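Novice: Here is how the chains run, residue by residue.
There are 2 protein chains.
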Amino acid sequence: MLRFVREMKASLSLPGNRSTPSLCRRTHRAALLMVMIAVVSIPVQGEDGHEAWLRYTPVHDAAVQQRLAALPAVVVRLNESPVSTVAQQEMIRGIRGMLGQTLRAETRLPDESAIVLGTYAAFEKANPGLRPAPTLKPDGYWLKSMPIHGHPTLLVAASNDRGVLYGTFAILRKIALGESVSALDEREEPSAPVRWVNQWDNLDGTIERGYGGRSIFFEGGQVAEDLTRVREYGRLLASIGINGCTINNVNADSRLLTAPYLRQLARIADTFRPWGVRLALAADVSSPKSVGGLDTFDPLDPRVAQWWKDKAGELYASIPDFGGFLVKADSEGRLGPSVYGRTPADAANVIARALWPHGGIVLYRAFVYNHHLDWRNLKNDRARAAYDIFHPLDGRFDQNVVVQIKNGPIDFQVREPASPLFGGLERTNEAIELQITQEYTGQQRHLCFLVPMWKEVLDFDLHADGEGTPVRDLVAGRTFHRPLGGFVGVSNVGRDTNWLGSHLAMANLYGFGRLAWNPCLTSPQIAEEWTRLTFGEDPTVVETVSDMLLGSWRIYESYTGPLGVGTLTDILGSHYGPGIESAEYNGWGQWIRADSQGIGIDRTVAAGTGYIGQYCPAVAKVYESLATCPDDLLLFMHHVPFTHSLHSGKTVIQHVYDSHYEGALGAEELVRKWKALQGRVDGQRYGEVLSGIVYQAGAAEVWRDAVCNWFLHESGIPDAQGRAGHFPNRIEAEAMELGGYEAVQVTPWETASGGKAIECLNGRQRCTAHFNYHGPAGWHDLIVGYFDQNNGVSRFAAYVGDRLVDQWAAGDHLPSQKPDGSSATRRVIDGLALRPGDDIRIEGTPDGEEYAPLDYVEIAN
Amino acid sequence: MLRFVREMKASLSLPGNRSTPSLCRRTHRAALLMVMIAVVSIPVQGEDGHEAWLRYTPVHDAAVQQRLAALPAVVVRLNESPVSTVAQQEMIRGIRGMLGQTLRAETRLPDESAIVLGTYAAFEKANPGLRPAPTLKPDGYWLKSMPIHGHPTLLVAASNDRGVLYGTFAILRKIALGESVSALDEREEPSAPVRWVNQWDNLDGTIERGYGGRSIFFEGGQVAEDLTRVREYGRLLASIGINGCTINNVNADSRLLTAPYLRQLARIADTFRPWGVRLALAADVSSPKSVGGLDTFDPLDPRVAQWWKDKAGELYASIPDFGGFLVKADSEGRLGPSVYGRTPADAANVIARALWPHGGIVLYRAFVYNHHLDWRNLKNDRARAAYDIFHPLDGRFDQNVVVQIKNGPIDFQVREPASPLFGGLERTNEAIELQITQEYTGQQRHLCFLVPMWKEVLDFDLHADGEGTPVRDLVAGRTFHRPLGGFVGVSNVGRDTNWLGSHLAMANLYGFGRLAWNPCLTSPQIAEEWTRLTFGEDPTVVETVSDMLLGSWRIYESYTGPLGVGTLTDILGSHYGPGIESAEYNGWGQWIRADSQGIGIDRTVAAGTGYIGQYCPAVAKVYESLATCPDDLLLFMHHVPFTHSLHSGKTVIQHVYDSHYEGALGAEELVRKWKALQGRVDGQRYGEVLSGIVYQAGAAEVWRDAVCNWFLHESGIPDAQGRAGHFPNRIEAEAMELGGYEAVQVTPWETASGGKAIECLNGRQRCTAHFNYHGPAGWHDLIVGYFDQNNGVSRFAAYVGDRLVDQWAAGDHLPSQKPDGSSATRRVIDGLALRPGDDIRIEGTPDGEEYAPLDYVEIAN
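Going line by line, the protein sequences match chains U and G. Under the working numbering, think of the first position of the first sequence as 1, with each following residue one higher. Under the working numbering, think of the first position of the second sequence as 862, with each following residue one higher.
Everything labelled a hint here was simulated from the structure, so no lab data went into it. The structure displayed is predicted, hence computed values, not measured ones. Please note: incorrect hints may appear among the correct ones.
Here are the in silico distance ranges between beta carbons for each label pair [claimed, not checked]: (1) U:Thr522 x G:Asn1590: 50 to 58 Å; (2) U:Val828 x G:His921: 18 to 26 Å; (3) G:Ser1043 x U:Glu662: 34 to 42 Å; (4) G:Asp1399 x U:Val828: 53 to 61 Å; (5) G:His921 x U:Gly649: 38 to 46 Å.
All residues carry an ideal CB built from backbone N, CA and C; glycine is no exception.
With the hints as constraints, model all of the structure from the sequences given.
Specialist: Below, the structure written as structure tokens:
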């Protein structure tokens, strides 16, 4: 049986224990059965995204086919473990899907050509003459073509079982990408030992900041009965080299640590195990008190230490390869060591010591800050918190603790500088926490390929050990020779068929895994690889989708958060639509510090919060000076007047206007690009992606208008191009002739055109709003701005004269229960022949607490 | 309101009555509402076949787009009727779908370019300067581009409202086909007034010989609550010019004529009416007795005449445009006038006279024969029956009676000569009955495009009025100047999303309608037109699908019924799989007259049944002589020795062997052709069609082997090519090592390989059959022959050694409850690496009364 625990320990020289052989056998049998069914149940199904990048569709290219015709007919597995068995079956499944051949599964070298999977140890035992020269890091593999007993043989030789599986996926990926696998000699090692995902799933089946449906792990307060999706998720994760997964919300429910749940959790661990994915949990440090029967959770109290020790023993008895705990403490209302005047190091170590004998680790989140900061004090700065708290503790964390640091100092905003804490820990293991789930970056409703953003951070040189210290080397433990470290991605997949609720968003999960394995891969490499695996080899598709992905972050940034000011969203609510002032005047510290003269937080050492001083001098120098601070981070680092001139030559305020109009156009352009792929992409995914980006293009206009209106109002400086605040073709709903509809104020005001909407209130069955068209005769589009809340499904109908020209239901589930920037959306009714004098009428039928809210009608073309 | 009754009467100079204006208004409003919803509910859905050939997908071709950009923005409807309203809305819907523009709907000529829809009368009233020179037959239309008040205008001018609708569909079809609509001057008239479909639906929701799911008209003994599919069916029918539909089984349930049902039927009529489709019913001539309270149904009894008169009055009160009755009498156990010694003319006329004042008609089926014929008498001949019975009655049918004659003298066999009765009625209206539902031609599971078969009959010159009397002119009433006549298609669509249970089978429904309108259209024209409308403009797709369609009848014939012998199916059961001797030794008269020396029915005048004498001498001469009788009909007309030499030079027996092997290869070839369209056809339809033809290719082998085995056994003459009866790579299930399985005899013997199968009987949970592979090492396919009955879902698993290589469920619903030629099918497990000594094992798990029946395993490649 494969034991990552053990291997990691080996590299850490930690002590360990042995799991009972009976358990091994049990899981082994379960895995076998499971996998055999998987082999033959490859469905002839539509492309619904469920298979993600592991589609294994038939190879059509004749040249590739011919090259692959020489592949061996036998796949040998030299090891006995479930992971090796899964690897062998995956090879059979993949070859079956792509080449239509069912390989023979053997456990000994046959007298013919073969693919042979095995650990170095197993190869040594089988003695085929393989000389694995330099040893590989755990999880690494070597793909090697060589003759064995005169037969051409393809070896997947690995440091451990997990490496065998990863090497298998690597070969299948090569085949899927049309690459040759006939003369291989490739060694691959992961950049770091920790390559985990975090899921923020709640026991009731919801997922905090999850946008792909309900939990695959929990339902109704229990571990789900059917763990099929967990098995499939394990496979997806393994295919990109992920070796651990915490499955519950970082705002952890301590009940999970009680005996009834531990038995249930073992089922999940059993399901993940054949894929080399270790189960881990988010834990609440107050558990010894809240569920443990103690009257304290003081980490320095020996009873608390004993409690964690006992809990670890209990856990490892049923989950022998348990990965460890993820801890969020003293953060956003969670209890923490500060209750007892203890440090995060105290809290982390007491748990780490309990896990140590079993090979488990603690990931302690550096996301610790005071969310009751006094906003009136201009020296207060949430961005400082992580460094201020953790830097002084450097060296005080145990060897099996990893401090888990978000990429930026705030919270997954659309643009942040690299957290200075990465450079502030030399004697502490660290990991970078990246957010795959798009909390502040469009919640999978907006296309936002995050790999380029992550790359900027990973490649950023913090000069922590002199020039040439990129973040990727720090988190991998390379710079300061740490035994542990790595990558954690908040993934939050759900039960939606396509996992993340969006086909294209899966590029982020894929990209995270690929970067965790090799952070030196480039964004275009990853985008192209994912696109080819996901949509096939058509060069037009590959080029277009890659291009859409690579431009998407910049587009999203352009209409949501200019110049490093942060995502200008409703930070008190859904973190989705625009809600600019929600950032200000409260203790959360995501301030933008705007007034009638200027905007931005002064984080300079000279006059501001001093945050910039947390960077090494070489970096700090660049940020400190307006002359050198890059435009992209200007408002993160400095407070400047709206009239301040950027390096680009534009003023800040004009940049805001321009970038938002460009961003909205860019979103519209995504639609155009995607539409060119009709017929080249299967119908279902084509349609689903199209409907997503068509929505996005509308939402981008909502953002554009909200932000531009707000800045126009705040600064009083007009848009030099005359766009902001001027909508000559727009008829405000509140200005129409209303039948039953009533004008209402929208909050925040900037999220509705004209600050107002109309609603069909007071129990009315149906309301109308109409106006007379005075424009020229011709073909026109009617754009109806309305609000689609998640507490009702209103219906709308549009008439020109007495002709019904469109009707639709506001049946989306946008994250708001009122008309605002999150629920604002639009309907485009194109190709209407309008004539002067036409009566244009919108009819709204309320439902539930959604009162058919309407914002405006715009005549386009 | 459109009244086809009235128009047909006009052309017949029949008297008529007026419907109440209130009814008109009611249906008008209903139609309007219905249609407006239809306009805006064009779904963004996958291609599931539901839209059939009316997909109205966006025009992508830039040249076509540009040409169409000049289309008017207004569609004017000059008439008030529901049919005209539907036409206008259909024009809007079609243009909306294809060009993305919503036309303005007007009822008066605007001061701009327009499409104007109207009857001649309406145009005359609107006075736009149109001079409709020669008058058009009812339902005809004229598409005419001309300026009106200086504006380019496109007119759809028609003889009646239905013509307006047909003209509208014609324009939309032109647009969909990429044809120009800018300078039109086209007159179109239907070939005949009767263009009906028959549905054989039962009140319980089943459909006799229906293969597309349950009834869209009835469920649970009542008219269905939701008639959405009826409305959609009406639209499909209208689009191909069908103007009437009988909705119930010809084996009619008399309850439908009682008051409670009449009210329900009115709902169906209301639903059809806006599409110009008249509701009609199949009626049992014994109704006056069975549900009418009389003690007789003697057509000459005045009480019976009065009963039909009253019934007609009742019917027309609620369905003012009721089409009439379809009668099957004295046929296959149905009661008829023979009970009282009366003739079909008596029976038809008594009903016809009741309908006459209302404008209804009677379609009296000529499918009257004795199904208790003495098979020992070689002079007996079912093929003679229709002519023998109806020819003497020529001139004795009322003017509003149409004798409905099946295309051939037997019963929709895969090949029959044209019925001589078409030429045997000069003073009687006649219609041709064609079977769209593929009863004897593969039941929509086999691809069999019937248009070429129908064309052979329609174009066949019966010399009835001298040379140049094709059947199409006879049934259209053209030859003998009959006022009525036409085309009836047994369609049997059901609730399956794609209507007929098969995407490609819809070409038959389409083709029927197009031929009924214009029987001079060629098969390639129809095939290409349908393909382009159904699958789009990709030339590869158009060419491939057309080619598949056009060759399919010959392929099906090749493996199911050689040389005109009839479909060699189980005629006593499902009429589906092979069951050769079921035709013999019973009273049904579908004999093939086979013995150890020869085969075929001697229908010569000289020595046989004399059937050939029913044809005009010019035709009879050709059939009578072996020297001139075409090979395709040889065994229909003559009894010959197996060694008889065909015109092709082959012996009959070798032709049987050759054609069956060629047919099976042809079916396999269909798979290859279709597979080349992957990626060119949307995923859902691609997959569904593929799975259908892959099944067909297997079923074709079942047919091939059954027929060849039987002929080999019967004739004792070996296949010159050594194929028949020799299966060197096949291992009979009964010859394997069995674990629980038992050998059973299959009936008829020729439908199982070796005459036997194995079943897992006696309540066993699971049985196995295995054998040792002795062939060469290499990549092979395993073909598992098994039986998939409709009374259980057995499961099968296949192993090579201990490797599960495939598993599947026998979950199809083939029309048999036992192992036989209908349930026989196969599973192909391809790409297996076999090595000498491999143990190959099939595991069967019975379910219900299906005992996991297994026939053989074949090693291919």
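Novice: Of the numbered hints stated earlier in the document, which are not met by this structure?
Specialist: Structure breaks hint 4 only.
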